[in-house]
Amino acid sequence: MSLAQAVLQLAIGLSFGLLLFLLASGFTLTFGLAGFVNLTHGAVFLLSAYVATAFTGPGGYVTAVLAAGATGTVLSLLVYATTRLRWGRVLGDELKQVLLTFGLLLVFAEVARVRWDGLPRSLPAPGFADGAWRFADASFPVYRAFMAAAALALAAALWWLQERTRFGAMVRAGVDDRAMLEATGVSAGPIFLAVFGLSGLLAGLAAGLAAPVLGAAMGQEFSVLVLAFVIVVLGGPGDLRGAFLASLAVGVADAYGKAFLPTVAEFTMMALVVAVLAWRPRGLFGGAR
Amino acid sequence: MSKSPRRFSVGNSGITAVAVASVAVLGLAGCGGAAVSGEDSSDKPVKIGVLLPYTGTFGLYGKPMEAALKARLQLAQGRAGDRAVELVFEDEATDPAVAVSKAGKLLDQDGVSAVVCCATGAATLAVGPILAERGIPQLGPIPNPDGLKKFKTAAVAAPTAGHDAGKLGTYAAEELGHRTAVIVASDFAYGHEVADAFEKSFTEAGGKIVERVLTPLGTADFASYLARLPDADVTFAGFAGADAVRFVQQYDKFGVKKRMPLIGHGPLVTELVLKQIGPSAVGVGAGFYYSSTLDNPENKRFIDTMKAAGGQFVPSHFTAGAWASGSVLLAAVEAAGEHATDGRELARTIRATKVDAPWGTLSFNPETGYADAPTYYYTVVQKSGSLQHSVAGEMS
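Chains A and B, in that order, give the protein sequences.
Residue numbering for the first sequence is 1 to 289, as defined by this note's numbering.
Residue numbering for the second sequence is 290 to 685, as defined by this note's numbering.
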């Protein structure tokens, strides 16, 4: 592999990794804060992506991404509201969470199948980012660079929210020790609500930004969920810094895996998980709890 | 006038039986006492079971295929010759296990004389032995996997995917003048079948395969595979569904299309995915037995009938195959006459049937039971704002 090839694959991997971070950040926050395994995360992504593909007209791109973000937020809050009905029983019990959210996942996916006939759909890249840069003897689509930049900006905003605001401090405290947080007089309920909404917003925006690249198709509800799981396991639950590095690592490993060992590419990502867990059983940064 | 009483189906209750018997007697009397025996079985409709996916991954194909079969039957006024034909639909759920249990239901509860099955390859193969053992004909509506030929009662109304991909291999080497090719295909039964067939015929025609890449089913991002594709005269792709949409789009976006033309087996740019792929599909070539733009009277009749039925109808090989399966069954039931409910006899008749299908003349290979059909080469063009196939001709 030439140097140009290696750089090109790195760019592909990093752009995909940044997108994965948007996807996984919300998942890791709900997991870390509430100890809540939200399996609907992939289905929220799926429905948001389908909603985004409805705005194919000229200038529809921005609307599409915003609509996807809104869809994600609403769906995630819906999951929260459903959970809230039996909050006491569901909260400390992972099996019940898995059962409940798996059911909701199937419902969401079925809604997408009935509404869009299960057909794969896509969203055209916006005019300002259509085209490609010539690079070595290949091309790199401008939209991928734009998608990566947008994801990076959102990641920075998320970092600021987490590290520099009172809300972020409360979330971090909740991740570390929820009982202690509540003992200081902060009610966890509104924080959970906000984190669920934020998680859905991020998943929705990820779906919207990814729509011109990945489109919307049945099966994403699971494939996307697996990626989110891998990143949370690698980065440690609730750890945004860990999730960020894990996302980039997964994206780059995936790109080089496909390039060097195309036949076993599916395995390279899991090999990364095995290697990291053998070395750091609680995730890259030792886990948050 | 003797026809109308025969439309009544025979129910289980004695009252119905008496009513039907008396109506039949009246009918016979009306005909002036024609010499027909009392236990004429042709009074009963011939029941045909249809297993289609309404749920699961292929769930989208069930309803349109059902509509096509129903429309074909309606066009024949629900009759094959002088026998009424009744369709019984069940959901195979994209799942071989479900298909097997539904096949049992069709045989034991509905007493069907033939089963159209299935759109899911694995379901088709799973149901095969059950129907073969009971001597009930099985008719596959779409290019089903190679594996039904060991059952004498089975037939498939379409050529195998491998058959069409093989023709494309020869055509690519001999007519399109490609000397080297790269193969990229989905890493499951379908992808393997078309990749193997293309490779075999392309190399036999003097071509050389530079590299073969198999990608997991449901690959989200093909970028890394595409960025490293070696140079060749052409790329052959074996993808369907969402993989086809993403692959063709990304093949264009990463500038590979400018370097190497893209060809593939039909589903790569079928009517069902064409609009979603968008302008990236322009120029892509495909080898397949069906295209909605084929110019023949039966295709026109099929598309006109379906469009007249209303709704958003997108013609594809799924619906065309269901339509042609209907034609085959109607012709076979008529030809079998009073033997139509004898499974083995009907199966023999089906394999001997020759009908006009939306893709041309459809007959069955007497040895394998798979359809002998023409394979066309077409390219995607943009015409008056929409993407469509431009058929270059039949591949020999």
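Honestly, I wouldn't trust all of these hints.
[As the list claims (entries may be wrong)] Simulated restraints, written as ranges between beta carbons of each label pair: (1) A:F128 with B:Q671: 48 to 56 angstroms; (2) A:L99 with B:G626: 53 to 61 angstroms; (3) B:V377 with A:V107: 49 to 57 angstroms; (4) B:A411 with A:P58: 36 to 44 angstroms; (5) A:D177 with B:A386: 55 to 63 angstroms; (6) A:L66 with B:F477: 53 to 61 angstroms; (7) B:D520 with A:D177: 57 to 65 angstroms; (8) B:K643 with A:G127: 21 to 29 angstroms; (9) A:G127 with B:V571: 36 to 44 angstroms; (10) A:R89 with B:V571: 15 to 23 angstroms.
[As the list claims (entries may be wrong)] Pairs of lysine to any residue, SDA-like flavour, derived with a Cα cap of 25 angstroms: (11) B:K596 with A:R115; (12) B:K564 with A:G57; (13) B:K564 with A:G219; (14) B:K672 with A:P126; (15) B:K497 with A:P262; (16) B:K596 with A:V114; (17) B:K394 with B:G424; (18) B:K564 with A:F167; (19) B:K438 with B:E463; (20) B:K352 with B:V387; (21) B:K547 with A:A11; (22) B:K547 with A:E182; (23) B:K564 with A:L66; (24) B:K352 with A:L119; (25) B:K352 with A:G219; (26) B:K564 with A:V142; (27) B:K672 with A:P58; (28) B:K489 with A:P262; (29) B:K547 with A:P126; (30) B:K489 with B:A681; (31) B:K547 with A:V74.
Think of the hints as simulated: they come from the structure by calculation, not from any bench.
In this text the structure is predicted, and so the values were computed from the model without any measurement.
A virtual CB, placed ideally from N, CA and C, is assigned to each residue, including glycine.
Verification of the supplied hints:
At about 23 angstroms, the beta-carbon gap between F128 of chain A and Q671 of chain B misses the expected band of 48 to 56 angstroms. Judged by the Cβ atoms, the range 53 to 61 angstroms given for L99 of chain A and G626 of chain B holds: they are separated by roughly 57 angstroms. Between V377 of chain B and V107 of chain A the CB atoms are about 30 angstroms apart, so this pair departs from the stated range of 49 to 57 angstroms. The hint said 36 to 44 angstroms for the Cβ distance between A411 of chain B and P58 of chain A, and at roughly 43 angstroms that hint holds.
In this structure the supplied range 55 to 63 angstroms is violated for D177 of chain A paired with A386 of chain B, their Cβ-Cβ distance being about 47 angstroms. For L66 of chain A paired with F477 of chain B, a C-beta distance near 37 angstroms fails the hint of 53 to 61 angstroms. As the Cβ distance of D520 of chain B to D177 of chain A is approximately 59 angstroms, the hint placing it in 57 to 65 angstroms holds. At about 53 angstroms, the beta-carbon gap between K643 of chain B and G127 of chain A misses the expected band of 21 to 29 angstroms.
Between G127 of chain A and V571 of chain B the C-beta distance comes to about 18 angstroms, which lies outside the given range of 36 to 44 angstroms. In this structure the supplied range 15 to 23 angstroms is violated for R89 of chain A paired with V571 of chain B, their Cβ-Cβ distance being about 56 angstroms. Using a Cα cut-off of 25 angstroms, the hinted pair K596 of chain B and R115 of chain A holds, with the two alpha carbons roughly 21 angstroms apart. As the CA atoms of K564 of chain B and G57 of chain A are separated by approximately 14 angstroms, the hinted pair is consistent with the 25 angstroms bound.
Our distance criterion of 25 angstroms between C-alpha atoms is met by K564 of chain B and G219 of chain A, whose separation comes to about 20 angstroms. For a cut-off of 25 angstroms, the pair hint linking K672 of chain B to P126 of chain A stands: about 23 angstroms separates their Cα positions. Between K497 of chain B and P262 of chain A the alpha-carbon distance is near 20 angstroms, which keeps this suggested pair within the 25 angstroms criterion. For the suggested pair K596 of chain B and V114 of chain A, the alpha carbons sit about 21 angstroms apart, so the restraint of at most 25 angstroms is met.
Simply put, K394 of chain B and G424 of chain B have alpha-carbon atoms about 16 angstroms apart, close enough for the 25 angstroms limit, and the pair holds. Using a Cα cut-off of 25 angstroms, the hinted pair K564 of chain B and F167 of chain A is violated, with the two alpha carbons roughly 45 angstroms apart. A threshold of 25 angstroms between alpha carbons decides the hint, and for K438 of chain B with E463 of chain B the separation of about 30 angstroms lies outside it, so the pair is violated. Annotation: proposed proximity of K352 of chain B to V387 of chain B holds, straight-line Cα distance about 18 angstroms (limit 25 angstroms).
A threshold of 25 angstroms between alpha carbons decides the hint, and for K547 of chain B with A11 of chain A the separation of about 21 angstroms falls inside it, so the pair holds. Taking the CA atoms of K547 of chain B and E182 of chain A, the gap is near 61 angstroms; set against the 25 angstroms cutoff, the hint is violated. Under the criterion of a C-alpha separation no larger than 25 angstroms, the hint pairing K564 of chain B with L66 of chain A is consistent with the structure, at around 24 angstroms. A threshold of 25 angstroms between alpha carbons decides the hint, and for K352 of chain B with L119 of chain A the separation of about 13 angstroms falls inside it, so the pair holds.
With a CA separation close to 20 angstroms, the supplied pair K352 of chain B and G219 of chain A stays within the 25 angstroms bound. Restraint check: the Cα-Cα separation between K564 of chain B and V142 of chain A comes to about 22 angstroms, which is no more than 25 angstroms; the hinted pair holds. Distance hint between K672 of chain B and P58 of chain A is fulfilled; the C-alpha atoms sit about 20 angstroms from each other, no more than 25 angstroms. At most 25 angstroms may separate the alpha-carbon atoms for a hinted pair to count; K489 of chain B and P262 of chain A meet this at roughly 22 angstroms.
Among the hinted pairs, K547 of chain B with P126 of chain A is consistent with the structure: their alpha-carbon atoms are about 21 angstroms apart, no more than 25 angstroms. Our distance criterion of 25 angstroms between C-alpha atoms is met by K489 of chain B and A681 of chain B, whose separation comes to about 23 angstroms. Only pairs whose Cα atoms come within 25 angstroms are accepted, and K547 of chain B paired with V74 of chain A is rejected, the gap being roughly 42 angstroms.
Checked against the numbered hints above, the structure violates hints 1, 3, 5, 6, 8, 9, 10, 18, 19, 22, 31; every other hint is satisfied.
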